[in-house]
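Number of protein chains: 2
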Amino acid sequence: MPMNRRILLNEIPQGKLTEAHFATDEVTVLKPGDGEVLIQTLLLSQDAANRAWMQGATYRSALSSGQVMSSGGLGRVVESNDARFAAGDIVAGDLGWQEYAVLPGNEVAAQHPHQGPLSHGLSLLGVAGLTAYHGLINVPGIHAGEVLLVSAAGGSVGSLVGQIGKIKGATVIGVAGGPEKCQWVVDTLGFDACLDYKDTQSPLRDQLKAAAPEGIDVYFDNTGGEILQTALFAMKLNGRVSCCGAVSMYDGKPLPGPYGIPGLLVTKRLTMKGFLVSDYRHLDQDAFHDLSMWARSGDLMVVEDIIEGLDNAPRGLMGLLAGENRGKRMIRVASE
Amino acid sequence: MPMNRRILLNEIPQGKLTEAHFATDEVTVLKPGDGEVLIQTLLLSQDAANRAWMQGATYRSALSSGQVMSSGGLGRVVESNDARFAAGDIVAGDLGWQEYAVLPGNEVAAQHPHQGPLSHGLSLLGVAGLTAYHGLINVPGIHAGEVLLVSAAGGSVGSLVGQIGKIKGATVIGVAGGPEKCQWVVDTLGFDACLDYKDTQSPLRDQLKAAAPEGIDVYFDNTGGEILQTALFAMKLNGRVSCCGAVSMYDGKPLPGPYGIPGLLVTKRLTMKGFLVSDYRHLDQDAFHDLSMWARSGDLMVVEDIIEGLDNAPRGLMGLLAGENRGKRMIRVASE
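These protein sequence lines are chains A and B, in that order. First residue of the first sequence? That's 1 in the working numbering, and the numbers climb one at a time after it. First residue of the second sequence? That's 1001 in the working numbering, and the numbers climb one at a time after it.
Next up, chain A with everything else stripped away, as it sits in the complex:
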């Protein structure tokens, strides 16, 4: 009887997430029931949103303690009682932090067909790529000559947003933590500049003033908090803020919003708009087309940060919340 190793969310964190919030067990692999599919986990996506799900209801219901930790992932169908899937198929779904998942067929999606490695299904052509694409192109839009600021610039979404901005002719300024990462964002990803929010010598507002003396047209916000505050004060008239996430705020207690809400929005006529990637599903084919094309041409570099082994999932997520990843972080649970 094959066994299923699982990592459970043992306790909902009130403050910072630690290993102690998780527990590991092994249970027998379940047989899929009517209409269900048994999937072997190959790759798990790690996302700042995983932490937000622990805070209460977001765009999905809150996680509860004692359950397998939720996570999107890619897997191979082992056994299917849903006519749409057959053993051997590669599929996507909320597999969770476990080696095997049984899901209803209607919660499983066929993997978008693509050339390139399997992992692109979680990066370039997964939630990261679609979020970057829709959150820039279809929320604020970006025009040649505009100044685009992107926080978490070295992360899964930010690294793609900035590169798409460059492809569209914008001047692109990233924000990341630490001089090495900032250097990498400029040298490797091709951003025009990258500001170090951890720099204790030079406040972010001064760095931003130097990099964008006339201000920002579009801010793609992955972080909220102090970086959002600094960006708001630096927006040009009629500036647009795409609200993608608030990673600075997930791993702790709720904090009030930035100063200048709503005053700055009025005086500068700013627009702030939140979105979820699923709001733009009707435009996913555009994203798949453009992202694949840019990756093939070499204009878009796909950076992946793959950690081996299910047991490293908690450490991987904590590290991601601390900003240690470069590009799209995943956990490889089993090889293809």
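Don't read these hints as lab results, they were simulated from the structure. Be aware that one or more of the hints could be misleading.
Quick look at which bits of chain B chain A covers, simulated, 3 or more residues with Cβ under 8 angstroms [as the list claims (entries may be wrong)]:
#, region
1, 1033-1039
2, 1219-1231
3, 1248-1259
4, 1314-1327
Sample of chain B residues facing chain A (criterion: CB under 8 angstroms; computed from the structure) [said to hold, decoys possible]:
#, residue
5, Trp1053
6, Thr1058
7, Cys1243
8, Gly1245
9, Thr1267
10, Phe1288
Ideal Cβ positions, reconstructed from N, Cα and C, are used throughout, including at glycine.
Chain A is already provided as a structure; the job is to place chain B on it using the hints.
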């Protein structure tokens, strides 16, 4: 030699505005120079924005101490050295808190021709009416069957926004201070409900939950602060917030923004957009047309709150910031 009585902003307030921040003097009426126009002040507009101008640069430069207090108004041309204006014309401009103003001709506007009293030029067809119209129709838009929440519902802009919402088929909920004013908003202005933010027995969020159990589609924000906070938590998915002003925040120290920025914007896919009435000048003819039509048909009631005498301008503005006005507050400096 005619004298010009003036009220000066003697000191920029650091906290609450008081009479002590103003001083009165009398000086000789100036002769208009080349291209200038001498105007006798008839009516002065009182707006929460007057207080915001004291806080620093907004959409106009900050006020400085020792100058005549700024204020939009309507006046009669006494003498003109600009060919576009002649003695006797009724014009609009930043006349300031004084009996006579000398302005460059290009800072003076001919009054939009209309039937009805002169005061409509500062209410229905002035900044108040245009702000209400554009800030509802051209910023978030409003559709029949939607739920519209309006703060400062008894004020110059809010009283019109709610009535326009009703004309467009929305369910309209106001927020105002005190049971009498709330009753008046419902009985006289025709809102479906009006919530009392000063009610110490029933928190605003509970009142809002009862009035709009399924949430809010559009929030027209005149106040910022706690009311904005409560509204954000009550927005429906894809809700829109029109940021018009932040009267709760002008008369004191800056405060941080509401909780849930940007988190709530993401999970609920909200849009917040700030605007100034002047952004929509190209659509002013629509506003003049519709507002006049609705006023003529009786669908739109124009409420004016006119205080007699220039010397009452400081008290009038302080009262407006405390929410004592009903409809559009003005100071009558001289009768037609």
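Each hint tested on the structure:
Proximity of the region 1033-1039 of chain B to chain A, defined as three or more residues with a beta carbon under 8 angstroms from a beta carbon of that chain, is not established by the 0 residues found. Proximity of the region 1219-1231 of chain B to chain A, defined as three or more residues with a beta carbon under 8 angstroms from a beta carbon of that chain, is established by the 3 residues found. Residues of the region 1248-1259 of chain B lying with their CB closer than 8 angstroms to a CB of chain A number 7, which satisfies the three-residue condition for coverage. Interface restraint, the region 1314-1327 of chain B with chain A: violated (0 residues with C-beta to C-beta distance below 8 angstroms; minimum three).
The interface hint given for Trp1053 of chain B is violated, since its Cβ lies 11 angstroms from the closest Cβ of chain A, which is over the 8 angstroms cut-off. About 5 angstroms separates the beta-carbon of Thr1058 of chain B from the nearest beta-carbon of chain A, less than 8 angstroms, and the hint is met. Checking Cys1243 of chain B against chain A: minimum C-beta separation of about 4 angstroms stays under 8 angstroms; hint holds. Contact between Gly1245 of chain B and chain A, as hinted, is supported at the beta carbon level, the nearest pair being about 6 angstroms apart and thus within 8 angstroms.
This hint holds: Thr1267 of chain B has a C-beta 5 angstroms from the nearest C-beta of chain A, less than the 8 angstroms allowed. Interface hint at Phe1288 of chain B: violated, since its Cβ lies 22 angstroms from the closest Cβ of chain A, which is beyond the 8 angstroms cut-off.
Checked against the numbered hints given earlier, this structure breaks hints 1, 4, 5, 10; the rest are met.
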